[in-house]
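Protein chains in written order, with the UniProt record's numbering: chain C, 1 to 424; chain W, 1 to 424.
Any given hint might turn out to be false.
No copy is singled out in the list; a pair is fine if it fits within one copy or between any two copies.
Unchecked claim - Cut-off 25 Å, straight-line C-alpha distance, at most; resulting in silico cross-link-like pairs (SDA-like, lysine to any residue):
#, residue 1, residue 2
1, 395, 382
2, 402, 380
3, 402, 385
4, 395, 291
5, 369, 349
6, 369, 346
7, 402, 352
8, 275, 165
9, 275, 41
10, 395, 202
11, 369, 159
12, 369, 415
13, 402, 360
14, 402, 384
15, 402, 365
16, 369, 223
17, 275, 360
18, 402, 227
19, 275, 93
20, 275, 216
21, 395, 252
22, 369, 359
Think of the hints as simulated: they come from the structure by calculation, not from any bench.
These numbers were taken from a predicted model, which means no experiment stands behind them.
Number of protein chains: 2
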Amino acid sequence: MTFACPPVSNRSSQEQAMLQAADYLIASQQSEMANLAQLRQTGRFISQVSQLVHLLQRERGASNIWLCSQGTLFADALALAEQQVSAALLQLDAVMPAATPHASHSRLFSRIACALYGLDSLTALRQQVREQRISHSDAMAAFSQVIHQLLALVFEVADSADEPRISRALTALFSFMQGKELAGQERATGSAGFAAGVFNAQQSDTIVALIEAQERSFGLFSQFADAQSLHHWQQMADADGDIERLRRIACTRGHSENGALRWYQALTRRIDGMKQIEDRLVTALMACCELAMAEVQTPQGAPVPPVPTPSSESWHGFWLTGSQPSAESDALPQPGGRSLLALVQEQAQRLQRQSDELAAMRETVQERKVIEQAKAWLMQQHQYDEQQAWQTLRKTAMNQNKRVIDIAQALLSVSAALSAAARR
Amino acid sequence: MTFACPPVSNRSSQEQAMLQAADYLIASQQSEMANLAQLRQTGRFISQVSQLVHLLQRERGASNIWLCSQGTLFADALALAEQQVSAALLQLDAVMPAATPHASHSRLFSRIACALYGLDSLTALRQQVREQRISHSDAMAAFSQVIHQLLALVFEVADSADEPRISRALTALFSFMQGKELAGQERATGSAGFAAGVFNAQQSDTIVALIEAQERSFGLFSQFADAQSLHHWQQMADADGDIERLRRIACTRGHSENGALRWYQALTRRIDGMKQIEDRLVTALMACCELAMAEVQTPQGAPVPPVPTPSSESWHGFWLTGSQPSAESDALPQPGGRSLLALVQEQAQRLQRQSDELAAMRETVQERKVIEQAKAWLMQQHQYDEQQAWQTLRKTAMNQNKRVIDIAQALLSVSAALSAAARR
Numbered sequence: 001m002t003f004a005c006p007p008v009s010n011r012s013s014q015e016q017a018m019l020q021a022a023d024y025l026i027a028s029q030q031s032e033m034a035n036l037a038q039l040r041q042t043g044r045f046i047s048q049v050s051q052l053v054h055l056l057q058r059e060r061g062a063s064n065i066w067l068c069s070q071g072t073l074f075a076d077a078l079a080l081a082e083q084q085v086s087a088a089l090l091q092l093d094a095v096m097p098a099a100t101p102h103a104s105h106s107r108l109f110s111r112i113a114c115a116l117y118g119l120d121s122l123t124a125l126r127q128q129v130r131e132q133r134i135s136h137s138d139a140m141a142a143f144s145q146v147i148h149q150l151l152a153l154v155f156e157v158a159d160s161a162d163e164p165r166i167s168r169a170l171t172a173l174f175s176f177m178q179g180k181e182l183a184g185q186e187r188a189t190g191s192a193g194f195a196a197g198v199f200n201a202q203q204s205d206t207i208v209a210l211i212e213a214q215e216r217s218f219g220l221f222s223q224f225a226d227a228q229s230l231h232h233w234q235q236m237a238d239a240d241g242d243i244e245r246l247r248r249i250a251c252t253r254g255h256s257e258n259g260a261l262r263w264y265q266a267l268t269r270r271i272d273g274m275k276q277i278e279d280r281l282v283t284a285l286m287a288c289c290e291l292a293m294a295e296v297q298t299p300q301g302a303p304v305p306p307v308p309t310p311s312s313e314s315w316h317g318f319w320l321t322g323s324q325p326s327a328e329s330d331a332l333p334q335p336g337g338r339s340l341l342a343l344v345q346e347q348a349q350r351l352q353r354q355s356d357e358l359a360a361m362r363e364t365v366q367e368r369k370v371i372e373q374a375k376a377w378l379m380q381q382h383q384y385d386e387q388q389a390w391q392t393l394r395k396t397a398m399n400q401n402k403r404v405i406d407i408a409q410a411l412l413s414v415s416a417a418l419s420a421a422a423r424r
Numbered sequence: 001m002t003f004a005c006p007p008v009s010n011r012s013s014q015e016q017a018m019l020q021a022a023d024y025l026i027a028s029q030q031s032e033m034a035n036l037a038q039l040r041q042t043g044r045f046i047s048q049v050s051q052l053v054h055l056l057q058r059e060r061g062a063s064n065i066w067l068c069s070q071g072t073l074f075a076d077a078l079a080l081a082e083q084q085v086s087a088a089l090l091q092l093d094a095v096m097p098a099a100t101p102h103a104s105h106s107r108l109f110s111r112i113a114c115a116l117y118g119l120d121s122l123t124a125l126r127q128q129v130r131e132q133r134i135s136h137s138d139a140m141a142a143f144s145q146v147i148h149q150l151l152a153l154v155f156e157v158a159d160s161a162d163e164p165r166i167s168r169a170l171t172a173l174f175s176f177m178q179g180k181e182l183a184g185q186e187r188a189t190g191s192a193g194f195a196a197g198v199f200n201a202q203q204s205d206t207i208v209a210l211i212e213a214q215e216r217s218f219g220l221f222s223q224f225a226d227a228q229s230l231h232h233w234q235q236m237a238d239a240d241g242d243i244e245r246l247r248r249i250a251c252t253r254g255h256s257e258n259g260a261l262r263w264y265q266a267l268t269r270r271i272d273g274m275k276q277i278e279d280r281l282v283t284a285l286m287a288c289c290e291l292a293m294a295e296v297q298t299p300q301g302a303p304v305p306p307v308p309t310p311s312s313e314s315w316h317g318f319w320l321t322g323s324q325p326s327a328e329s330d331a332l333p334q335p336g337g338r339s340l341l342a343l344v345q346e347q348a349q350r351l352q353r354q355s356d357e358l359a360a361m362r363e364t365v366q367e368r369k370v371i372e373q374a375k376a377w378l379m380q381q382h383q384y385d386e387q388q389a390w391q392t393l394r395k396t397a398m399n400q401n402k403r404v405i406d407i408a409q410a411l412l413s414v415s416a417a418l419s420a421a422a423r424r
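Sequences are here, hints too, so could you generate the full structure?
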């Protein structure tokens with residue numbers, strides 16, 4: 001075995017590597033900015049979707065009274081609502097993302113395709129409503145399906161946003177839109193019941209289920225909303241005396257003189273009030289986008305978090321040392337007075353914190369999704385309605401001293417195994 | 001109130017909407033393909049990272065023996081290892097993603113910047129090793145830090161991949177690379193102990209902790225690996241008699257004649273064997289990319305899953321109706337014999353299934369991450385070593401009859417609250 005000194009690379013290749021690291025640091029910051037600009041554009045699109053959904057809810061409401069009154073009420077309102085929906089569609093068209101291939105947009109584009117397909121069915125639906133050739137419940141289901149596709153689009157955007165504050169703002173907005181849509185469905189179900197003079201058992205159960213589902217949606221909203229929007233919502237939620245009286249009548253299958261219009265107007269006031277909060281949430285979302293962009297634009301001004309020195313205990317676990325490159329590497333001083341190392345570390349740490357925050361947030365949203373999927377499975381397998389499905393989950397959890405999410409997860413594992421077995 | 005028929009849109013605007021839905025469907029498929037092509041390119045990059053990590057581990061091993069033997073052994077091996085690392089760097093350079101802004105690449109680019117910064121520190125490190133001006137443990141820590149940055153890059157790619165099979169293959173690869181790196185660190189620690197003729201308490205504890213950490217990494221690998229790679233790994237793991245004998249000596253602080261070289265050679269055989277399995281995993285990853293691309297290219301050939309008709313119970317919950325647009329909308333027949341509706345549904349459902357699978361997968365990976373973060377916090381706060389931290393978590397969980405993940409989560413909530421309080 002001969003002795004040979006390992007060769008040492010010369011300085012120029014070291015400088016080249018430094019330059020490369022700086023290139024990727026700049027590319028990382030520029031990518032972050034491009035991503036935020038894209039999120040802001042998507043935010044504008046979602047803002048128009050929110051507007052369109054509101055007007056579709058109004059058209060559904062007017063169609064509802066029109067059909068319940070056998071074509072004697074709300075003809076004007078219906079014509080107006082339809083015009084407003086058409087105008088909103090034009091405005092939406094102006095902010096639609098271009099249908100050009102984009103590596104991270106396959107799900108978004110697919111949701112847009114579904115939503116456009118749904119919107120297209122409106123023409124035939126309106127014809128049937130106008131000629132009263134469709135039942136009240138079928139018409140409501142068809143409108144709700146169109147709105148459902150638009151909400152699914154908003155959910156997709158909320159689910160894929162990867163900046164924590166923007167993702168929170170989108171999740172708050174989506175949850176609120178979902179709650180508002182449930183309120184719209186409550187209005188439709190109640191209008192039919194009051195118009196008929198009496199509620200049947202199914203209608204009463206549906207109202208109860210819709211009220212509970214709204215509570216869950218607004219619960220999720222409350223977890224993610226900004227303090228101001230939440231405050232406005234709490235004030236509004238407190239002032240619902242008349243609605244609560246009418247709800248009691250609906251749920252206990254009572255009857256009320258002139259209930260249909262009173263109900264419709266009370267619920268419409270509530271839904272219009274919700275729209276104002278929704279508009280606040282859209283404004284908050286856009287402000288989040290601007291704020292996040294401003295922070296990336298001035299990374300020099302942001303405080304640099306302290307960097308723990310890697311200890312000898314911590315070098316043998318991947319997760320343990322986190323995202324800090326060795327602070328002992330020699331660092332070229334930069335014109336701005338901060339070393340490239342400090343800048344590289346700052347960027348890596350900021351992105352890591354964002355990633356951790358997002359993961360924690362998604363867990364909350366994911367839990368809710370699992371519970372809803374388990375409920376859907378119970379409804380399908382056992383012909384339960386929504387309320388029965390929810391109470392089954394809740395009671396099982398209480399009896400077994402477990403969380404609802406654990407029961408829901410166990411249930412879905414079983415259902416997946418059953419359908420895998422059925423496919424074989 | 002006057003009666004007025006609501007106007008009905010004409011057919012041409014309907015056809016226009018249909019066309020738009022088709023545009024977004026095509027854009028969705030093209031985006032999926034662009035995403036897969038990007039993942040395949042990233043897979044090639046990761047394959048070169050795997051090669052570079054292996055050669056860096058070899059250089060660390062040779063440096064280790066060189067330093068432990070006071071410069072009498074492995075000079076040739078050291079020179080050769082350095083040349084091989086340089087060659088691997090050139091090959092990596094050829095498949096590096098371009099440093100141009102890309103909305104979804106900020107984290108990837110930031111990780112690349114960190115990795116390049118780490119690689120740059122090699123020049124100074126090698127000089128110190130060559131001149132024996134660095135302690136064995138400092139040299140090992142410095143090499144491990146460089147490798148850590150490369151592993152963090154692989155983890156980032158695995159974490160952000162959004163096709164479930166590719167994500168699984170990447171997670172299996174990453175976990176395996178992590179386990180192999182822990183084996184490399186075990187080799188370094190053991191070599192130092194055997195070279196000194198006797199292990200001190202800290203070295204023995206480190207060996208025990210590294211063995212346990214390897215088991216956890218390979219456990220995660222086993223959850224996500226393809227059956228063939230797993231089979232090869234199990235065969236290899238079973239045939240470790242000599243290593244187990246030497247490990248026992250190391251852990252019980254015994255001593256062994258000529259142990260250093262025997263240990264080094266046995267562990268090197270093991271690590272080289274692991275590299276063969278790692279190469280299989282890379283091949284499996286690339287096959288996943290090709291398979292996923294082939295499936296998008298022929299969506300016409302894929303079976304369409306049955307679409308449940310929306311029932312009247314299911315239209316009032318967002319999650320309940322899932323991703324199905326109303327099957328009752330009128331559907332234009334397409335040239336291929338399938339309606340646009342069927343195609344739109346198929347695409348939405350496939351992407352939804354992928355999204356659900358990914359969410360379930362990420363939960364597993366996320367749980368592991370939370371546990372490792374809780375361990376790191378315990379190590380930092382209480383000056384525990386890795387083994388003490390892990391046993392504290394495990395014992396607490398057993399005593400409270402809870403899962404380790406629940407304890408880890410509770411611990412991190414407390415630590416977050418404490419550091420928020422400290423900042424105020």
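Review point. Is it within, between, both or neither when you check residue 402 against residue 352 at 25 Å Cα-Cα?
Key: Classified as neither; 32 Å inside a copy, 29 Å across copies.
Review point. What label fits residue 402 with residue 384 when the C-alpha limit is 25 Å: within, between, both, or neither?
Key: Intra 22 Å, inter 33 Å, cutoff 25 Å: intra-copy only.
Point to revise | Within, between, both or neither: residue 369, residue 223 at alpha-carbon 25 Å | key: both (15 Å within a copy, 24 Å between copies)
Point to revise | Same-copy or cross-copy closeness of residue 402 to residue 360 [CA-CA at most 25 Å] | key: both (21 Å within a copy, 20 Å between copies)
Review point. For the identical chains here, do residue 395 and residue 291 meet the 25 Å Cα criterion within one copy, between copies, both, or neither?
Key: neither (44 Å within a copy, 44 Å between copies)
Point to revise | Intra/inter-copy verdict for residue 395 and residue 202 if alpha-carbon distance must be at most 25 Å | key: within (22 Å within a copy, 52 Å between copies)
Practice item. Give the relationship of residue 402 and residue 227 under a CA distance limit of 25 Å: within one copy only, between copies only, both, or neither. Key: So residue 402 and residue 227 fail the 25 Å test inside a copy (31 Å) and across (34 Å) alike.
**Study point:** Alpha-carbon proximity context of residue 275 and residue 216, limit 25 Å
**Key:** Answer is within: at 18 Å inside a copy they meet the 25 Å cutoff, but 50 Å across does not.
Review point. Are the CA atoms of residue 369 and residue 346 at most 25 Å apart within a copy, between copies, both, or neither?
Key: So residue 369 and residue 346 pass the 25 Å test across copies only (21 Å; inside, 34 Å).
Check your understanding: Is it within a copy, between copies, both, or neither that the alpha carbon of residue 275 lies no farther than 25 Å from that of residue 41?
Key -> within (21 Å within a copy, 46 Å between copies)
Exercise for review: Measure nothing new, just compare the shortest in-copy and cross-copy C-alpha distances for residue 275 and residue 360 to 25 Å and report within, between, both or neither.
Suggested key: Neither: 29 Å inside a chain and 34 Å across chains, both beyond 25 Å.
Practice item. At 25 Å max between alpha carbons, let me know whether residue 395 reaches residue 382 within a copy, between copies, both or neither. Key: Classified as within: same-chain Cα gap 16 Å, cross-chain 42 Å, threshold 25 Å.
Checked against the numbered hints given earlier, the structure breaks hints 4, 7, 17 and 18 and satisfies all the rest.
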